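Participant: If you want the building blocks of each chain, they are given just below.
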Amino acid sequence: MNISLLDKVIVSAGVCFCVFVYFWFWQTPSTMANGVEIKSPNKTQHFSLFENRVLNIVGPLGLSQIEIKDGQARFLSSPCKNQVCVLAGWLKQSGQISVCLPNAVSLQVLGDEQYDAINF
Amino acid sequence: MFIVLRLILTILFAFFISACDLPGRDASHVHHTQFFSFGTVVEVTQFDSDEKRVKRIEEKVKEDFDYMHMAWHPYEPGPLARINSLLPFGSSFSIAPSVLPLIKRGTELAELSDGYFNPAMGGLLQLWGFDRSEDLDKAVPPDAEKIKSFVDNMPTMKDLELKGLSLAGHNKNLFLDFGGFAKGFGVDRAIEEIRKLGIENAIVNAGGDLRAIGSKDGKPWVIGIRHPRNKGVIASVSISGDESVFTSGDYERFFEFEGKRYHHILNPKTGYPGEDFQSVTTVHTNAALADAAATALFVAGKKDWQRIAKKMAVAQVMLIDQQGAVIITPELKARIKLHNVSPDQITVQAL
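Going down the list, the sequences are from chains A and B.
Using the numbering used here, the letters of the first sequence map in sequence onto residues 1 to 120.
Using the numbering used here, the letters of the second sequence map in sequence onto residues 1 to 351.
Derived from the structure by calculation, the hints contain no laboratory data.
Incorrect hints may appear among the rest.
Result set (PhoX-like, lysine-lysine): computed pairs, CA atoms no more than 25 Å apart in a straight line [to be verified]: (1) B/303 x B/260; (2) B/337 x A/92; (3) B/138 x A/81; (4) B/333 x B/310; (5) B/148 x B/163; (6) B/269 x B/158; (7) B/146 x B/260; (8) B/260 x B/138; (9) A/81 x B/260; (10) A/43 x B/55; (11) B/104 x B/172; (12) B/52 x A/43; (13) B/196 x B/52; (14) B/333 x B/219; (15) B/148 x B/269; (16) A/43 x B/62; (17) A/43 x B/60; (18) A/92 x A/43; (19) A/69 x A/92; (20) B/310 x B/337; (21) B/158 x B/172.
Just so we're clear, the structure is a prediction, and the values are computed from it rather than from any experiment.
I would like the entire structure built from these sequences, with the hints used as guidance.
Facilitator: This is the structure we're talking about:
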């Protein structure tokens, strides 16, 4: 059986295609954060992490303000005493979470998950 | 013609190969739910294709946590708060069955930890103001004489006299606060319920303390352990089977006074916060034990943590000291992945 140059080209192209398909479909997804989930007693909302905005979220104590800016998010203000949620600062990694327990508002960064859970 | 045919066959073969599945690729069956309970966010992660069952389990776990929160809260109206209000009288009284397992397990763990884990010293937490987290920004350390007086008459679980559902207290300082292991105990219960309902692959995460069972479509669950000071994780560990990861840290509830940090993990032997570590992480199959051990080892400090870990049979431990150096047991070192920690900052210490 004679193997022509064209055969070799076709087989090589097939191998390259297989390798491409493997990396495209089978490899671990990137871990880049891309959105936020904001939970309040009445609703759960999702926003892109790449559209800058300030959101007013109503909780039992009043208004929590959440700022999304340049791929990160934070509690800008909250009506709680300790301000733990505000002091947590900017969140930008997938899975990071900040919660205002007194006002029952949580902010979590979403994305392709690197970790299934975070221990702290 | 043959060339085109060969080209088509090659591409079809490539597609055939790419259609094969690998374990762990199917993330569509991973379900997360979060709710507020136990004064924190509880997250339940399940790997299951049965949507109805997933929903049923989410509701059941939330219901259970809400009940445990009510029954086991030391101050809010409920069975444990009632016990705390009656203990100072010294005479015996009947208790609700829902609190009994908590008292029994708490007593076992207190003994196992040589008293470093002490759920009977809720009064000391009150003395420091850690029962009123919302006022911590104004807190100051209590008077040294008051601390000494409390420690001189330190209540322990041995001061409780339990006969069936009848309980009496024999120390005026007794005040039960199971915060040091209630989350772990609750997580164990939730996992038990989840298994009864037919789920074998799940994580129950109560405010960062968690137990994971099974796997994610054949791939281990990957747990990140948060750095006690910096953003991001300091380590990660893969779990498949059944294990709990618990961390006690000085960053959870604290106040600063005259430049010094005072946190809520109090040493029953001194009455003051444990000073040697920023955080202690334990890995064990039993969540309640891992929870109590993390607290006990934190306050046992550098001098005594190995003895207590050995006594509690917790072989997988990671401790971050005040300088940020990592002390780790060989059992955990063999499987954990440390992130951005230079080798000279890691000390392996066997029990």
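Participant: Each of the hints needs a verdict: does it hold here or not?
Facilitator: Hints and how they fare:
1. B/303 x B/260: Cα-Cα ~22 Å, so holds.
2. B/337 x A/92: Holds - the C-alpha atoms of residue 92 of chain A and residue 337 of chain B are around 22 Å apart, at most 25 Å.
3. B/138 x A/81: Given that 25 Å is the threshold and the Cα spacing comes to 10 Å, the pair holds.
4. B/333 x B/310: holds (17 Å)
5. B/148 x B/163: The hint is violated at about 32 Å.
6. B/269 x B/158: With a Cα-Cα distance of about 15 Å, the restraint between residue 269 of chain B and residue 158 of chain B holds, given a limit of 25 Å.
7. B/146 x B/260: Holds, at roughly 20 Å.
8. B/260 x B/138: holds (14 Å)
9. A/81 x B/260: Roughly 21 Å separates the two Cα atoms, so the pair holds.
10. A/43 x B/55: holds (17 Å)
11. B/104 x B/172: holds (20 Å)
12. B/52 x A/43: holds (21 Å)
13. B/196 x B/52: Roughly 15 Å between the alpha carbons, so the hint for residue 196 of chain B and residue 52 of chain B holds.
14. B/333 x B/219: holds (21 Å)
15. B/148 x B/269: holds (10 Å)
16. A/43 x B/62: holds (17 Å)
17. A/43 x B/60: holds (20 Å)
18. A/92 x A/43: Judged against 25 Å, a Cα distance of about 22 Å means the pair holds.
19. A/69 x A/92: holds (10 Å)
20. B/310 x B/337: This hinted pair holds, its Cα atoms lying about 23 Å apart.
21. B/158 x B/172: holds (13 Å)
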